[in-house]
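Chemist: Start counting the sequence shown at 4; every next residue gets the next number (this note's numbering).
Among these hints, one or two may not hold up.
Stated by the list, open to error - Straight-line Cα separation of at most 20 Å, SDA-like style, residue types lysine to any residue; simulated pairs:
id, residue 1, residue 2
1, Lys113, Gln219
2, Lys47, Gly31
3, Lys333, Val57
4, Lys207, Gly66
5, Lys207, Ala237
6, Lys113, Ala52
7, Lys47, Ile10
8, Lys47, Lys68
9, Lys47, Arg81
10, Lys68, Thr142
What the hints assert, rightly or not - Distance ranges between label pairs, derived from CB positions:
id, residue 1, residue 2, range
11, Ser301, Gly354, 40 to 48 Å
12, Ala273, Asp361, 24 to 32 Å
13, Leu359, Gln165, 17 to 25 Å
14, Pro266, Asn350, 28 to 36 Å
The hints are simulated quantities; they were obtained by calculation from the structure and are not laboratory data.
By construction, the Cβ of each residue, glycine as well, lies at the ideal position given by its N, Cα and C atoms.
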Amino acid sequence: MTESEVIFEERPTRDGGRIGVATLNAPGSLNALSLAMITSLHAKLETWADDMSVHAVWLQGAGDKAFCAGGDVVALYRAMTKSPGDEGEAAQAYFGAEYRLDHFLHHYPKPLVVWGDGVAMGGGLGLLVAADHRIVTDTSRLAMPEISIGLYPDVGASWFFQRMPRGVGLYLGVTGAQLNARDALELGLADRVIASDARQDVLKTLENADYRHPQQAVREVLSGFENRALAPEAEVMPRLDHLQALSDAADITQVVRRILDDPREDAWLAANRARLAAGCPATAHLVWRMLCRHRHGSLAETFRDELMLSVQCCRHTELAEGIRALLIDKDRAPQWAYTDVANVPANYIDGFFMPLWDVETHPLADL
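Take the sequences, apply the hints, and build the full model.
Modeler: This is the structure:
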């Protein structure tokens with residue numbers, strides 16, 4: 004990591020305290036998270052958590068296009084292909100650090116504000132969802148688009164998808180559908196909509212707040228800037244009955260077939276169909292299996308299961324091929340191991356769920 008890939012500053016408050024501000028500073032990659040960025044961010048957030056003079060923490064992305072577009076999968080690809088046979092080591096290091104950070108943020112002991120402006124997808128959405136105060140703006144675009152690269156919705160998605168209306172998480176997972184600010188509010192992914200150009204005004208007002216009761220202070224400031232009228236018309240809830248009908252099937256093959264055969268003339272649905280049609284058939288099975296496994300599980304259990312699955316994804320061919328086609332060679336013509344969801348053998352998917360550790364030796368056993 005270069006010194007400036009995450010910028011940390013401490014803004015003074017009127018009572019002599021401080022607000023910790025962390026800026027993901029890789030705008031060229033839409034602030035994609037490298038392992039070094041994750042490690043640096045976690046360390047500083049731990050320091051601020053223990054510093055009695057820090058009243059609250061603010062996390063944002065540099066530039067005007069994105070909060071965070073996800074993990075730096077290009078760097079992961081290079082690490083995976085550099086030493087064939089050792090893919091699991093690079094994967095365990097990266098995903099283990101990412102999920103440990105996400106879990107920490109879900110339990111952060113101080114007010115944590117995430118400014119989810121612009122693109123917040125994949126690992127970026129994982130950071131946003133974990134915060135106490137989750138802000139989206141009129142420019143926010145959210146998604147879990149992993150089906151396009153042969154991964155699966157991770158960073159706790161199998162946990163937070165369960166908290167959406169029936170069938171919606173499954174639909175979002177297999178299509179990588181993009182959501183706007185109103186969708187984020189209605190699906191429980193965000194708490195408030197604030198104008199994109201109000202960021203500095205919000206921070207300045209936080210500097211002048213009364214922090215005798217920190218959570219209340221932050222809540223009152225953010226409430227003063229909230230403007231739900233800025234949020235675009237929702238995509239999901241007006242179509243809820245239709246999405247639930249598409250997702251209500253006995254197995255993933257039927258769900259995918261219903262979505263792909265859906266004749267409804269609708270630009271948003273059509274874009275989702277196209278993404279699913281081009282996406283990795285194995286990923287659809289992984290989404291289904293993970294949602295079944297974590298219907299009633301805890302967040303920590305989800306992260307532990309995700310680490311196992313993510314390492315296994317790096318050991319299989321799909322993820323490397325998806326990254327190659329989309330982000331390395333950019334031919335957008337991935338050669339998936341299986342060309343159709345119906346043709347993916349159950350034992351192939353079973354291989355992704357082969358345990359790598361026992362309970363005591365799991366790298367995230369302490370969550």
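Chemist: Okay, which hints does this one fail, numbers in order?
Modeler: Going through the list in order, the structure violates hints 2, 3, 5, 8, 9, 11 and 12 and respects the others.
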